[in-house]
Structures are given as structure tokens and as C-alpha cells.
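> The lines below spell out each chain.
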Amino acid sequence: MTDSSLTNAPDQRKIFLSLDTTARSRGSDKVAAQVTRVLDTQPQLDATLIRNGSRGMFWLEPLLEVTTPKGRVAYGPVRPEDVSDILDQACFSDVTDHPLCLGLTEQLPWLKAQQRLTFARVGVIDPVDVADYVNHGGFVGLSNALKLSAQQLVDEVKESGLRGRGGAAFPTGIKWQTVLDQPPQQKYIVCNADEGDSGTFADRMLMEGDPLTLIEGMIIAGLSVGANQGYIYLRSEYPQAQRLLNLAIERAAEASYLGKNICGSEHDFHLEVRLGAGAYICGEETSLLESLEGKRGLVRAKPPLPAIVGLFGQPTVVNNVISLASVPYILSEGAASYRDFGMGRSRGTLPIQLAGNIKQGGLIELAFGVSLNEVLQHYGQGTKTQRAMRSVQVGGPLGAYLPQEQWDTPLDYEAFAAMGAVLGHGGIVAFDDTVDMAAQARFAMEFCEVESCGKCTPCRIGAVRGVEVIDKITQSSGEQHQDHLELLHDLCDTMEVGSLCAMGGMTPFPVRSALTYFPDDFSSSTQGAK
Amino acid sequence: MAATNEQGLRQIAAIIEQHQKLPGAMLPILHAIQDALSFIPSNALPLIAKALNVSRAEVHGVISFYHHFRTEKPGTHVIEVCRGESCQAMGSRALEARVKDKLAIDYHQTTSDQQYTLEPVYCLGNCACSPAIRIGDDIHGEVTEQKFADILDSLTTYSLELK
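These protein sequences, in sequence, are chains A and B. Taking our numbering, the leading residue of the first sequence gets 1, the next gets one more, and so forth. Taking our numbering, the leading residue of the second sequence gets 1, the next gets one more, and so forth.
Hints were generated in silico from the structure; no laboratory data involved. Glycine included, each C-beta is placed from N, C-alpha and C at the ideal position. Be careful, since some hints might not be right.
[What the hints assert, rightly or not] Simulated crosslink set (DSS-like; lysine-lysine; CA at most 27 Å straight-line):
hint : chain 1 : residue 1 : chain 2 : residue 2
1    : B       : Lys50     : A       : Lys30
2    : A       : Lys14     : A       : Lys112
3    : A       : Lys359    : B       : Lys147
4    : B       : Lys21     : A       : Lys295
5    : B       : Lys50     : B       : Lys21
[To be verified] Covered by chain A, per the in silico footprint, the following chain B stretches (three or more residues, Cβ under 8 Å):
hint : segment
6    : 2-11
7    : 27-36
8    : 40-51
9    : 122-130
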């Protein structure tokens, strides 16, 4: 994608610094304040500062980019004291020999090898500038959508092969079809932005870096099923995303993309951000709906499906942020263009989030099918502590821990399911060889105990018993040790088949995988050594 | 549960008035009250219950379900330490022990000088720069024992900047 600013005003330089939460946690606000100070005192630099999303190369944040006739040039990680020299060089010469200069951003190997469809604008544009969004291909999908019938729209999404990116991987088009098939009445589009899995931040990055894409996706979803009201259920742990989403909604409404008669059509679409309150379980769709209705986030029994009896008893589409944000691409570039990426039944791209003990952590959007090893070694460059990597957890707190033998598995929903693991929301957390896998298994149970909604017994009580029995396992030996192990396996079976939702039903995944692949960590002799 | 005074009650009444027509108004009202008063006072419950036509028990049930809502006044600074797996992979178990030592309190407690309240949190979405903590709306990454001490210092030191 070419930067339109270059053709608009070739002489005026633009300086970009991220306002993404992680970039800010690494000091991008301080660097931005210094840039403002320098620009104020040296008007001859003739440049403007834009706060954008992050490119997702977090070890390079704060990443400062400057527009040049050749494209954007990146510097990073930048400290406030570097700003003066960098701006001097970037604005007055074509020389790029500053020690922090990384060259053209788009040519950085980490970024260049990616297939950024959903994240194409994240880290590129001003997140709350509608004109900038439109200049970079925004609202093309919506404009195409307005020319199609609801059924044609649903068919297009079906054709794309898009599956829910929240974790369950249910075909998005089929969910939409169910809602469309309900007789005309009040229907809702609910965006699940309760991204609670540790090791995941793709939703946050998108909402902070390109919130208008999510908004556009939700409007198209509304047109597809006949819904005129949307809610974004956002977790309260994301204050920056909340601020930017609200600002983007306000700007979109001013430009008549939201509200009554959007874009001069006969369609209405209203959108509101609602804040969660620190409950992991509210990422489960029925618990989320209860919470939106103002109740305790207790999981509902299914059926009825939310697509038929959802929010306030009305037909409701509940989709993850990335699922909805992938829709504008599908509508602007065509279903086939999206479907051409990926492998098997996993079509399109997956925003992979690389986290934990990793040298180069961040966001990598790639077609399904890349191997875990490729991601960990090529992109991640091994552990941050420079020790041997021992285990990786994929798919959040309810995902399996995988040993090295399984790292050649391709990132594909079916390939992961085949080995008793899940791809989930695409979060990968790496651990080095100091990890105690019995402690990680215990934590999985502890987490379930803290976050269980309490509605069903296997989850509510099972998690408590799970912590107790893991403690007994690590403190006993011989026959007793074996008995407790058997009990834990039994408990895992009960939780897996007897729980109402994935909270209790999948907590056994990390526990069992730790037991299977790292059995030595559970013996009392190794416990003393740790 | 702690109560609030007349002035607090007036604020609460205004908040309820402003939000009660929203569909599913309960959480927006609770958030607005906590944002304004730093906690949800016990004498707010009957007002919320009446406005939303639910029982006081139901309001209490909602407040107690969500980790975010609190019914006691917190310290000046609420410090949330991430306990998620990504942070564990970067030493958060040791960090949380140091933080508790340094503040001499456990989770869900407030220091005797009313400066700090300590809470656990399960993921702040800053996982590529673990371990993370949140203080107010600021999220800090790659937190070490030293960095935590520096952050505490910055909270108690007021800098005068001449521009």
C-alpha cells in the first residue's frame, strides 16, 4: 500500500509514533512529547506528528517513523534523548546512518514476510481519522455491501470460509445465515471484545490501531442480518482501546457512517461500547449476553442459540473482534481473495500473537498453515532469557502446553484439534527451561476456580479439587502418588464432559498436556529441586 | 460495605438518572458510580434497585460477581499485578511476591496509609512485554523489582517542569 501523504505534500514530513498500549508501556508518550518539543522549537523541520497504532514489532517500540520520498523510514527503539538527532537527519538529508535507523519500514524482514489483510492499516494510519482511513481503502467494503442484498452478503461471507477468530472457529457465514433467517424484528450485532486470554492482544491492537475497520465490519454485519443496533463488549482492562473506540465511533457518526440512513441509504446502524468488569467468563458468548443485559455473567444453556434467542431475547450475532474486522477485506477484495489464503478448512489469515518469554514478541498476520517452529524461531528468535525453550502454551489459559516434539505442527484448527490442542484466538506463550509444569497445571485449575461463573458443579467444585489434588501429587510418592494421579485424570474427565461451557470443559487441556508431556515435573523428588 | 455521605448520594442519583433508560443499564451505572466515587457505596444499592426495578439482592449479586467492582474505598493508587501465563513466563510469580513484600499487603488489601490497594488481574494485553502491571489507566511492561520501586517513587514525587 502506498502512502498517499507522499503525493499530497511531498515536502512536509510526517512523523509517526504509536499510541498502542504496549508502545506506551515502553515509553512512546515520552518520545512523542519530545518530538512535539523539538518541532515547536525548530519550525524549519516542517513536520507533523501523528500518533498511530503499532506495527506489532514490540521489541522495537517506541518505533519512530518518518515519511521520505522513498517511503517510511523507521528508527527504534527510540529514547527521548535520540529524538533531536533523528529528526535532524530525517528531515534535512537522505542519509540514513543513524545507529537506530532500521531502513524502510515495509522492507523490514519481520513485516515484509507477513500477509496483512485484517491488519493492513494497523500501525499505518491515524486510527481516528476517517479521511486517512478512506485514503487507505477504508469503507470500500461497506460501499460494495450497500449494493448487495442481505442474502448476497451472507453468501459472500460463507464463500470466504471465514471462521470465528475468538477460539471456537465456527463458520461466521452460517451463524449470520441463522440470524438472517429469523423473521424481521429487533436484531443485534454484538462484538466480543472481552479478549481475556493471556498471551493475546490482537483485538486490542486492532481496536487501538484501526478501530474503524471493526466499526465497518459491524455495519456490514448489520446490513447482512437486518440488525440496526450494535454493541462492542469491551473488557475494562483496555482503557486505551475504550478511548479510541469511542472517538472513532463519534467521528464515524459525524461522517454519517453510523446513525440513521447511513451513507444516505435507507439503513440505520447505531453502535455503542459497553464495558465489562473484569470477569474472564464474560468472553463466553452467553455469559457476555447476560452481562450486557446487566446481570451476573452466568453461562446460559444452549440451545436456544444466541442467533435465535440472544441479547434481550432477540436474534443476535456474537462475533469476535477479528472475525468482524476481517469482513471489510472480504467485501472489498472479494471472498475468493480471502479464501485463497490458508490450508484445509482454515481459510484466510490468522493474526498470531507471540508472547511470554520470547526475544521478538508481537503480532504476525499469516495465512493458516505456517508451523509453530517457524513462528517461534524465525519470528520470535528464541527466548528472551536466551535459555532453551521448553514449552509453549497455544490458545490461552484453556489451551494445551506443547513440548518441542510438536512444534512442527502447522497452525491450522484441525491439525491442533487432532493432537488434543486448540489454536484458540492465536496466542502463543513461550516458556524457557526454568518453567515448573506442575505449577502451570496447578495454575490452570486455580484460574478456573477464580473465574468460574459457578453455575455448574464440575467447573465450580472441580477446579478447587483440582488444585488440592495437584498439591497432593507433588507432595507424595509411590502408591499414593499414583492414586492421586489417577484421581486427577478422573477429575479432568468429569470436568471435560460434564461442564456447561469451555471454562470447565477445557481447563483439563493445559492440565492433561502438562501431565502427558512433562510427567517428571510432577514427582515429589523434582519439586524439591525447583 | 462502606457508605457515602449526602454529597455522594446526590452524585449517585444524578448518575442513575442519566443512565437508567439505557437497555441493560446496570453495568453502565455501576461503572459510572465507581468512576466517580472510587467504589460502590452500600447506600447506593436501594437507589439502583428502585430505578431498575430489581431487588437489592440482585444489585448486590451483580456487584459481587465482577472482580472490577469494589464496595470499600481503595487507596489513592490501585496497583494491579498481572497473573497471566505470559507474565508467569517472565517471572511474575517472583515479582508479585516482591510487590507484596514492598507494600507489606496481600491482594485485595490497602496499605495503612491509604496510599495503595493491591489487586490481581488476569491479563492486561501487554503480553509481548511481560510482566505487566497497571496503575490507574497506565500500563507498565517488562517490570522488574527495580522498575516497580521507581514507579512507586514517581507516584509519590511531584516534578515541577519548566517549559
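> For every hint, state whether the structure bears it out.
Results for each hint:
About 47 Å separates the Cα atoms of B:Lys50 and A:Lys30, which puts this hinted pair outside 27 Å; it is violated. Straight-line distance between C-alpha atoms of A:Lys14 and A:Lys112 comes to about 22 Å, which keeps the hinted pair within the 27 Å bound. A threshold of 27 Å between alpha carbons decides the hint, and for A:Lys359 with B:Lys147 the separation of about 20 Å falls inside it, so the pair holds. With a C-alpha separation of about 16 Å, the suggested pair B:Lys21 and A:Lys295 falls inside the 27 Å cut-off, and the hint holds.
With a C-alpha separation of about 13 Å, the suggested pair B:Lys50 and B:Lys21 falls inside the 27 Å cut-off, and the hint holds. Requiring three or more residues with a Cβ within less than 8 Å of a Cβ of chain A, the coverage given for the segment 2-11 of chain B is violated, as only 0 such residues are present. Judged by the Cβ-Cβ criterion of 8 Å, the segment 27-36 of chain B is covered by chain A as claimed, because 4 of its residues qualify and three suffice. Residues of the segment 40-51 of chain B lying with their CB closer than 8 Å to a CB of chain A number 0, which falls below the three-residue condition for coverage.
Only residues whose beta carbon comes within less than 8 Å of a beta carbon in chain A count, and the segment 122-130 of chain B has 9; three or more means the coverage holds.
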